[in-house]
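Work out the full structure, taking the sequences as your base and the hints as a guide.
Residue numbers for the sequence shown, in the working numbering: 16 to 333.
Just so you know, the hints here were simulated from the structure itself, not pulled from any lab data.
Think of the CB as a built atom: it goes at the ideal place given N, C-alpha and C, for glycine as much as any other residue.
Don't take every hint at face value.
Here are the simulated BS3-like cross-link-like pairs (lysine-lysine), alpha carbons at most 27 Å apart as the crow flies [unchecked claim]:
#	residue 1	residue 2
1	275	255
2	94	307
3	300	311
4	261	185
5	188	70
Pair by pair, the computed Cβ-Cβ distance ranges are [unchecked claim]:
#	residue 1	residue 2	range
6	223	112	16 to 24 Å
7	259	203	41 to 49 Å
8	264	193	39 to 47 Å
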Amino acid sequence: MNSVRLAASRLAGPAAVATVTLYSATPVDAHAKEAVDIHKVRESIVSLIEEDQEKRGDGTTLNGTFIRLAWHCSGTFAKQDGSGGSNGSRMRFNPEASWGANAGLGVARDALEPLKAKHPEISYADLYTLAGVVAVEENGGPTIPFRLGRLDFESGNSSPPDGRLPDADKGSKVKTVQHVRDVFYRMGLNDRDIVALMGAHAMGRCHTDRSGYWGPWTFAENTFSNEYFRLLVEERWSPKGTHNGKPWTGPDQFEDSTGKLMMLPSDMAMILDPEFKKYVELYAKDEDVFFKDFAKAFSKLLELGVPFASTKAWYQFW
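Here it is, written out as structure tokens:
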């Protein structure tokens with residue numbers, strides 16, 4: 016893992032104001048007593064990931080899980096009414112904690128509890144999203160514009176309805192492609208944003224005891240790169256039929272020629288749909304363009320529905 020990088024430019028957030036959520040909930044102001052030292056929180060997140068990796072000893076880490084945590088906290092947003100999003104950290108409570116789409120994320124939330132106790136001044140909502148940012152940046156990825164200001168709610172009473180997070184498969188190419196667009200368009204994102212955000216699958220893996228799917232997307236699951244796109248374009252992907260010498264009984268997924276890598280039906284949609292495919296091919300050829308687009312889209316995703324107190328980033332106050 017790269018050393019902790021604390022350049023001020025990393026903390027600069029975009030100036031756009033996200034739509035204010037239209038629900039009634041009681042916020043808990045986590046910043047009222049003490050300002051957040053984001054440098055120290057970052058260091059704690061990095062140390063947590065490294066210490067956990069050493070304990071595991073199998074090459075897996077919390078990196079991909081932290082990215083997924085940040086993603087799923089934010090991906091419930093609906094542009095039409097401003098509901099959902101990372102503000103409130105409602106995934107700590109039911110119903111969101113029990114949604115099938117969030118299976119396995121209790122591991123990430125539990126891992127961050129000692130950090131919340133160590134840094135009580137940061138809200139859970141900021142901590143969950145920052146963990147995803149750190150996982151990207153500290154493993155070769157781009158600098159993600161990030162700012163603090165999310166609040167915590169006291170319950171999940173204002174959680175949006177289940178079904179807003181993307182499914183891996185809707186039974187056919189046409190339905191899966193449409194489902195992916197429906198989910199992201201609801202948030203106000205476009206096709207380029209969709210493909211860029213799917214590039215986060217360069218890190219982490221699927222677990223049969225969580226999603227039912229198995230395997231990593233790349234051979235370097237702890238490195239953020241454009242490898243996901245290169246593999247989508249260059250590898251030959253076929254339906255998975257066996258696993259460890261036995262018939263595969265899990266949900267439909269695809270595997271490469273070695274049988275060690277996998278793609279979900281929603282991943283395959285990225286090359287089966289012409290509009291998606293042109294961005295896949297672009298990112299496969301140009302990692303710099305991918306990094307730029309991912310940083311912009313991921314930052315936007317994490318801020319959806321967050322009523323920040325000011326339209327200015329912190330560095331603009333002097």
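To see whether the hints hold, each was checked on the structure:
1. 275 to 255: Holds, because 10 Å separates the two Cα atoms, which is no more than 27 Å.
2. 94 to 307: holds (24 Å)
3. 300 to 311: holds (19 Å)
4. 261 to 185: holds (25 Å)
5. 188 to 70: violated (40 Å)
6. 223 to 112: 16 to 24 Å: Between residue 223 and residue 112, where Cβ atoms are some 21 Å apart, the hint holds.
7. 259 to 203: 41 to 49 Å: The hinted range 41 to 49 Å holds for residue 259 and residue 203, with Cβ atoms some 43 Å apart.
8. 264 to 193: 39 to 47 Å: Given a distance of about 28 Å, which is not inside 39 to 47 Å, the answer is violated.
Hint check: violations occur at hints 5, 8; the rest are consistent with the structure.
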